[in-house]
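2 protein chains.
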Amino acid sequence: MKLKVEEAVLEGLRTGEWKEGERLPSVRVMAERLGVHRLTVLKAYSRLEEERVLESRYRSGYYVRNRESGVGLPAGGQEGHWAYAARPGYRNRSRLSDIHSFPVMYRMSEALLDPTLLPNRFLASHAKEVLDRHPMVLSTYSTVMGDLALREAMAEYFRVRHGIEATAEEIMVTSGSQQAIDLVSRALVKRGDKVLIERPTYSPAIDLFQQQGIRMLPVDLTPEGYDLGRIEELMRVEKPRMFYLNPTFHNPTGYTVPTVQRKALIELAERYSCILVEDDVYHDLYFDKPPPPPMFYYDTEGYVVYIRSYSKYIAPGLRMSMLIARPSVMEAIRPIKALADAGTPVLAQKIFHSFFFSHRMQEHIEKLRLAVRLRKEAMEHAFEHSGWKWRSPEGGLNLWIQLPKEISAEQLLARSLELSAAFVPGSICDPFGEMDDWIRISYSLLGEKSIAEGVERLLEAAESLPSRNSN
Amino acid sequence: MKLKVEEAVLEGLRTGEWKEGERLPSVRVMAERLGVHRLTVLKAYSRLEEERVLESRYRSGYYVRNRESGVGLPAGGQEGHWAYAARPGYRNRSRLSDIHSFPVMYRMSEALLDPTLLPNRFLASHAKEVLDRHPMVLSTYSTVMGDLALREAMAEYFRVRHGIEATAEEIMVTSGSQQAIDLVSRALVKRGDKVLIERPTYSPAIDLFQQQGIRMLPVDLTPEGYDLGRIEELMRVEKPRMFYLNPTFHNPTGYTVPTVQRKALIELAERYSCILVEDDVYHDLYFDKPPPPPMFYYDTEGYVVYIRSYSKYIAPGLRMSMLIARPSVMEAIRPIKALADAGTPVLAQKIFHSFFFSHRMQEHIEKLRLAVRLRKEAMEHAFEHSGWKWRSPEGGLNLWIQLPKEISAEQLLARSLELSAAFVPGSICDPFGEMDDWIRISYSLLGEKSIAEGVERLLEAAESLPSRNSN
Numbered sequence: 089m090k091l092k093v094e095e096a097v098l099e100g101l102r103t104g105e106w107k108e109g110e111r112l113p114s115v116r117v118m119a120e121r122l123g124v125h126r127l128t129v130l131k132a133y134s135r136l137e138e139e140r141v142l143e144s145r146y147r148s149g150y151y152v153r154n155r156e157s158g159v160g161l162p163a164g165g166q167e168g169h170w171a172y173a174a175r176p177g178y179r180n181r182s183r184l185s186d187i188h189s190f191p192v193m194y195r196m197s198e199a200l201l202d203p204t205l206l207p208n209r210f211l212a213s214h215a216k217e218v219l220d221r222h223p224m225v226l227s228t229y230s231t232v233m234g235d236l237a238l239r240e241a242m243a244e245y246f247r248v249r250h251g252i253e254a255t256a257e258e259i260m261v262t263s264g265s266q267q268a269i270d271l272v273s274r275a276l277v278k279r280g281d282k283v284l285i286e287r288p289t290y291s292p293a294i295d296l297f298q299q300q301g302i303r304m305l306p307v308d309l310t311p312e313g314y315d316l317g318r319i320e321e322l323m324r325v326e327k328p329r330m331f332y333l334n335p336t337f338h339n340p341t342g343y344t345v346p347t348v349q350r351k352a353l354i355e356l357a358e359r360y361s362c363i364l365v366e367d368d369v370y371h372d373l374y375f376d377k378p379p380p381p382p383m384f385y386y387d388t389e390g391y392v393v394y395i396r397s398y399s400k401y402i403a404p405g406l407r408m409s410m411l412i413a414r415p416s417v418m419e420a421i422r423p424i425k426a427l428a429d430a431g432t433p434v435l436a437q438k439i440f441h442s443f444f445f446s447h448r449m450q451e452h453i454e455k456l457r458l459a460v461r462l463r464k465e466a467m468e469h470a471f472e473h474s475g476w477k478w479r480s481p482e483g484g485l486n487l488w489i490q491l492p493k494e495i496s497a498e499q500l501l502a503r504s505l506e507l508s509a510a511f512v513p514g515s516i517c518d519p520f521g522e523m524d525d526w527i528r529i530s531y532s533l534l535g536e537k538s539i540a541e542g543v544e545r546l547l548e549a550a551e552s553l554p555s556r557n558s559n
Numbered sequence: 089m090k091l092k093v094e095e096a097v098l099e100g101l102r103t104g105e106w107k108e109g110e111r112l113p114s115v116r117v118m119a120e121r122l123g124v125h126r127l128t129v130l131k132a133y134s135r136l137e138e139e140r141v142l143e144s145r146y147r148s149g150y151y152v153r154n155r156e157s158g159v160g161l162p163a164g165g166q167e168g169h170w171a172y173a174a175r176p177g178y179r180n181r182s183r184l185s186d187i188h189s190f191p192v193m194y195r196m197s198e199a200l201l202d203p204t205l206l207p208n209r210f211l212a213s214h215a216k217e218v219l220d221r222h223p224m225v226l227s228t229y230s231t232v233m234g235d236l237a238l239r240e241a242m243a244e245y246f247r248v249r250h251g252i253e254a255t256a257e258e259i260m261v262t263s264g265s266q267q268a269i270d271l272v273s274r275a276l277v278k279r280g281d282k283v284l285i286e287r288p289t290y291s292p293a294i295d296l297f298q299q300q301g302i303r304m305l306p307v308d309l310t311p312e313g314y315d316l317g318r319i320e321e322l323m324r325v326e327k328p329r330m331f332y333l334n335p336t337f338h339n340p341t342g343y344t345v346p347t348v349q350r351k352a353l354i355e356l357a358e359r360y361s362c363i364l365v366e367d368d369v370y371h372d373l374y375f376d377k378p379p380p381p382p383m384f385y386y387d388t389e390g391y392v393v394y395i396r397s398y399s400k401y402i403a404p405g406l407r408m409s410m411l412i413a414r415p416s417v418m419e420a421i422r423p424i425k426a427l428a429d430a431g432t433p434v435l436a437q438k439i440f441h442s443f444f445f446s447h448r449m450q451e452h453i454e455k456l457r458l459a460v461r462l463r464k465e466a467m468e469h470a471f472e473h474s475g476w477k478w479r480s481p482e483g484g485l486n487l488w489i490q491l492p493k494e495i496s497a498e499q500l501l502a503r504s505l506e507l508s509a510a511f512v513p514g515s516i517c518d519p520f521g522e523m524d525d526w527i528r529i530s531y532s533l534l535g536e537k538s539i540a541e542g543v544e545r546l547l548e549a550a551e552s553l554p555s556r557n558s559n
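Listed in order, the protein sequences are those of chains A and B. Note that my numbering has the first sequence beginning at 89, numbered continuously upward. Note that my numbering has the second sequence beginning at 89, numbered continuously upward.
Calculated directly from the structure, the hints in this document are not laboratory data. Everything numeric in this text was worked out from a predicted model, so none of it was measured. Any given hint could be a false lead.
[Stated by the list, open to error] Short, incomplete list of chain A residues facing chain B, as computed with Cβ under 8 Å:
hint : residue
1    : Met224
2    : Tyr229
3    : Leu296
4    : Gly405
5    : Leu406
The beta carbon of each residue, even a glycine, is placed where N, CA and C say it ideally should be.
Work the whole structure out from these sequences, hints included.
Here it is in structure tokens:
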């Protein structure tokens with residue numbers, strides 16, 4: 089049914105019924121014409137939009153895309169250092185959620201923790217306690233920065249646990265790290281500004297920068313870290329406003345940037361006035377030993393903005409992250425938070441506060457590290473004889489695997505979904521939309537037995553692929 | 089102490105120690121030099137920034153402002169129809185929160201409901217029930233659009249209660265109406281676009297559009313509604329992308345736009361391809377009879393985006409609003425929500441769902457209407473012999489009062505705060521920063537006795553003012 093609509097559109101383009109720049113029939117009219125449901129038409133249009141055949145104009149409808157022009161992005165753009173992330177190969181977030189929502193048995197595309205590993209029962213009991221102890225909590229607005237008691241407790245925690253000196257005024261509670269990244273980039277950069285970004289990287293960050301019309305300068309990340317000479321050159325020549333980075337158990341690669349590079353980066357940031365936005369979502373999810381101190385720890389001049397999320401491994405339903413920045417930067421972020429949602433819900437903050445500083449937290453995280461490690465080992469074991477290559481991560485939720493040259497990740501995905509196993513093709517994590525010989529596969533959502541089965545399906549899918557060369 | 093820093097800066101400017109465009113000493117250095125706390129310096133700098141003496145550059149510090157240039161706003165800008173809301177007279181949100189945070193006894197600046205009027209006990213019991221019924225609720229991510237069960241129930245509610253036909257796919261759950269407005273404007277307009285806005289209006293909307301670099305075209309709102317001829321002219325000549333409006337028990341005025349104008353506006357919107365963003369936060373807070381149907385009800389072509397908030401009068405701590413839009417518009421908004429926070433917390437949605445459709449909801453809202461009405465009457469009674477003028481509102485939380493010509497709202501506020509009574513001066517609600525002969529005063533937060541006392545303080549403050557003419 090879906091294909092029918094897409095084919096009808098493509099046919100109309102071939103025959104010249106609709107030309108470049110022309111408006112397609114409305115969803116309603118097309119649905120009547122083809123005798124299908126309107127939603128079917130809408131989905132088909134939207135898929136064709138993703139494939140850059142159509143473009144939607146707000147409220148006005150769908151148009152045949154002009155092959156030359158971008159949408160909502162600065163025109164032109166030298167093809168030099170930077171990517172707008174709108175290069176044809178780049179597939180956006182809706183593509184990622186398509187993969188996630190594909191009804192497969194072996195969900196290895198989502199870097200989420202198995203909910204059964206989370207402290208549900210304890211959280212619920214802390215929640216009830218909060219409701220009893222603060223009878224007006226649901227009638228209370230949060231301040232924009234977040235609950236003061238929580239921020240003071242976090243300041244103390246960061247001081248004792250990480251040697252990080254930050255006052256409550258320098259800590260903002262945000263609704264997940266996704267919001268934190270959004271707020272920081274809205275506050276610090278504007279349309280047309282340049283931003284350094286790792287390659288590969290966390291794909292929603294690519295989507296976000298793309299939506300904001302920001303010009304991305306990708307910087308390769310390898311097991312050894314960055315090419316600092318290249319970063320210095322980019323900073324000197326392109327003068328990026330900020331560098332979004334995830335140096336600890338990096339998503340998708342799992343790599344950790346060594347301390348010597350962390351310090352050197354801060355010096356570069358100071359020299360070239362570039363803010364480092366350090367996303368540290370996996371810090372506590374190590375297997376053997378804790379990772380090196382965050383870059384924020386080494387920053388004395390206020391060039392690092394630090395994002396520490398607790399959503400993933402305590403309670404995704406609470407959406408709870410801390411954003412730490414020095415006053416001159418925080419002064420720019422605070423009004424954006426006020427405009428974005430006027431403050432994170434108080435109940436969530438109080439539940440988090442109550443649980444995070446209880447002895448259950450320490451027990452939870454220790455058990456969790458072990459459980460995730462066993463799953464990682466199960467997945468590595470399952471890939472042992474594949475001949476595929478990866479660097480064994482020391483924390484985080486993903487393997488980043490290089491496929492043999494003859495396999496395309498996109499083709500593998502198509503075949504693998506048929507066999508009910510999902511993963512993320514590398515192109516989604518690449519601002520250039522390339523890296524089709526890499527995949528990200530998460531070991532955090534499935535149990536060990538399912539992981540073994542899921543990987544088996546995946547390898548089966550790979551076996552059944554015609555080799556890339558014979559295409 | 090605070091004044092000391094400001095004076096030192098102003099003195100430095102007079103003597104030429106710091107010239108236009110020059111960087112001021114860092115907060116740390118200035119604090120040491122003057123022997124005061126760093127926070128004191130930061131506050132003083134920030135106040136001087138508000139007064140447009142200084143400007144902060146992200147991370148770089150505070151600079152002496154060039155008198156000619158704006159900050160972060162498109163340069164130039166014909167002084168014709170539109171305001172950037174950055175005209176010198178305009179005072180921004182941080183000014184509003186300064187007023188709110190002033191420790192006064194009679195808080196009449198905040199259009200919030202008295203928390204004791206909210207169903208705290210019932211909400212807590214619904215919350216506990218939700219935690220028991222959904223043991224994994226805190227481990228669950230919301231979908232971007234929001235909990236499907238809730239959206240389906242709301243679709244049914246809007247159909248039965250308001251005759252509004254909207255599917256679950258056309259309803260998005262947002263974290264308060266503030267987020268809804270932010271999402272809609274990020275999705276529909278971009279820097280430099282023009283937007284119609286009521287004058288006066290909800291001041292955070294002014295701040296938001298200003299932050300987004302949007303050009304505002306103010307449209308006067310009177311007790312009779314809009315000047316439709318003027319709106320048509322603006323739509324024809326300026327081609328605004330959208331009109332942000334609050335036609336029911338409008339904030340700050342309390343006015344309700346009549347049905348005949350609602351219908352006419354929709355015709356104009358269709359003719360000139362202008363999206364109407366209808367903020368309907370006060371819909372259920374009427375005193376005598378329900379207001380006319382929302383504009384969304386009359387819209388057949390998808391030109392109205394409807395925002396219905398339940399934060400204020402059920403549970404501010406839940407941050408719960410519904411955003412309704414037809415698919416072509418929703419398709420543009422959904423990816424922005426995904427980037428902004430990846431979905432509103434599930435627990436809040438489930439608590440709201442459980443309470444909203446219980447019999448307690450109906451009882452709550454009926455009691456609330458009566459309580460708020462009594463407070464409104466108490467406030468009107470207190471102003472009875474003042475000679476000040478207002479149109480008695482039929483719903484909402486505010487009186488919008490015109491002062492006698494010789495009183496400046498700003499001067500009245502300064503005096504009134506000394507007497508421990510707070511309200512909002514009209515200039516904050518005006519994109520042009522004028523309307524200094526109007527005030528917004530809220531009757532929703534204080535009990536009747538406090539209202540009488542607070543108004544008495546206010547009138548006392550007015551009495552003690554030197555007349556505007558003698559200045």
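Is the shortest C-beta separation between Met224/A and chain B less than 8 Å?
holds (5 Å)
Checklist entry - Should the hint that Leu406/A touches chain B count as held when the rule is a Cβ pair under 8 Å? => result Since the shortest Cβ distance to chain B is 6 Å, the answer is holds.
Review point. Taking the closest Cβ pair, is Leu296/A under 8 Å from chain B?
Key: This hint holds: Leu296/A lies near chain B, its Cβ roughly 5 Å from the closest one there, short of 8 Å.
| Hint check, Tyr229/A versus chain B [nearest Cβ-Cβ separation less than 8 Å] | holds (5 Å)
### Message
Holds or violated: the hint that Gly405/A contacts chain B, with Cβ atoms closer than 8 Å.
### Response
Holds. Min distance 4 Å.
Of the numbered hints stated above, none is contradicted by the structure.
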